[in-house]
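**Student:** These protein sequence lines are chains A and B, in that order. 189 is the number that the UniProt record's numbering gives the last residue of the first sequence; the numbers go up by one with no jumps. 189 is the number that the UniProt record's numbering gives the last residue of the second sequence; the numbers go up by one with no jumps.
A hint or two may mislead.
Calculated lysine to any residue pairs in the SDA-like style (CA-CA distance at most 25 Å, straight line) [what the hints assert, rightly or not]:
1) K133/B with D169/A
2) K181/B with P146/A
3) K77/B with R158/B
4) K133/B with A176/A
5) K77/B with I184/A
6) K122/A with T97/B
7) K16/A with L110/B
8) K54/B with K181/A
9) K122/B with S155/A
10) K181/A with N139/B
Hints listed in this document are in silico derivations from the structure and should not be mistaken for laboratory results.
Protein chains: 2
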Amino acid sequence: MKPETRKEEIIKTAAKLFKEKGYSAVTMRDLATAMGIKAASLYNHITSKQEILKVIIISLAEEFTQEMNLIKTSNHKAIDKLQMIVSLHVQITVKNTYGMACLNNDWMHLEEQLDYYLELRKKYEQDFIDIIKSGIKSNEIIDSNPEIIMFSILSTLRSLYLWIPKKEDINSNSLAQSLSKVLISGINT
Amino acid sequence: MKPETRKEEIIKTAAKLFKEKGYSAVTMRDLATAMGIKAASLYNHITSKQEILKVIIISLAEEFTQEMNLIKTSNHKAIDKLQMIVSLHVQITVKNTYGMACLNNDWMHLEEQLDYYLELRKKYEQDFIDIIKSGIKSNEIIDSNPEIIMFSILSTLRSLYLWIPKKEDINSNSLAQSLSKVLISGINT
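Between the sequences and the hints, there should be enough to build the whole structure, so can you do that?
**Tutor:** What follows is the structure in structure tokens.
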């Protein structure tokens, strides 16, 4: 792993502050205090709170988009693609819980990048539902409302950032495996 | 149905405003304007924004608590109890979507009632997990981590307020049925 740059450190600290106090309540001064540096030197690395928000949210949204592109164009079966999506969310949320909290809670505070973010999200949900529909067509997935299926899976995956911090000592692979089983095969015997 | 009292009307309008602007940003003046009345006459019915928040959240939390008590003490099988819980969330969320949004987004703004709310929520989750554990014991539910099972179901149910308003013409019973099937039996064929 390459060492963290000052800018990366600032972004990490900001994501934690946004989670604790909410984006609107955090000031650049709070951020400088949390970093133990002067506000003036903060501006050597970053121009505004909005720039930080953009970096956090857009880089996550682009990561999800890229991975979804790999998954959807792969040759796997629909059910396997859904398992890969579950793993993707678990891994990103374990790695960057504060960033995911920020994505979920603060996306509406994006300014120039709001439309771009909404476009990426819409595309992601479209790809997700297309995978479900192809699984229904190939008889891998029950013939139920694809939107209800997507809502059910995606609302669990989007809540992971709330739940993961309460679990100590989490193992991404085993969580992804258990969660895939519960979401895909159900819980009844 | 009995006619709505002025106080009920105020509470409904407030829940809608809280959803749109966030609890902190709404003033008693905004509420009076939305009701088309003077702020002074608002105070004939309600003493503060905090009182409104308390009425919205605590009455919902107590409704969930009462229904959970009926479900857990009933003679049904564990899987049937889980289906009843799914129906409960669908019905309450369809009936009172703004209230559920307020419960989910604004509970942390409760003041004297915060501890009471947290106690009710903790008890609800404990009852939920006990039902899952009894279902694992009776071999109705797969022997997986009960917390992962609860998290997976409950995070979907708690997100219903985000999803239901986008669906026109929703039928609570058929939604509860499809969602139960997806959450309990899974989606694979």
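**Student:** For each hint, tell me whether it holds in the structure or not.
**Tutor:** Here is what the structure says about each hint:
Using a Cα cut-off of 25 Å, the hinted pair K133/B and D169/A holds, with the two alpha carbons roughly 23 Å apart. The hinted pair formed by K181/B and P146/A meets the criterion: a straight-line CA distance of about 13 Å does not exceed 25 Å. In summary, the hint linking K77/B to R158/B is supported, as the alpha carbons are separated by about 23 Å, within the 25 Å threshold. Between K133/B and A176/A, the direct Cα distance comes to roughly 21 Å. Compliance with the 25 Å bound is thereby established for this hinted pair.
Annotation: proposed proximity of K77/B to I184/A holds, straight-line Cα distance about 22 Å (limit 25 Å). Of the pairs offered as hints, the one joining K122/A and T97/B holds, with about 23 Å between alpha carbons and a cut-off of 25 Å not exceeded. Of the pairs offered as hints, the one joining K16/A and L110/B holds, with about 23 Å between alpha carbons and a cut-off of 25 Å not exceeded. Annotation: proposed proximity of K54/B to K181/A is violated, straight-line Cα distance about 39 Å (limit 25 Å).
Of the pairs offered as hints, the one joining K122/B and S155/A holds, with about 21 Å between alpha carbons and a cut-off of 25 Å not exceeded. Under the criterion of a C-alpha separation no larger than 25 Å, the hint pairing K181/A with N139/B is consistent with the structure, at around 17 Å.
Consistency with the previously given hints fails for number 8 only.
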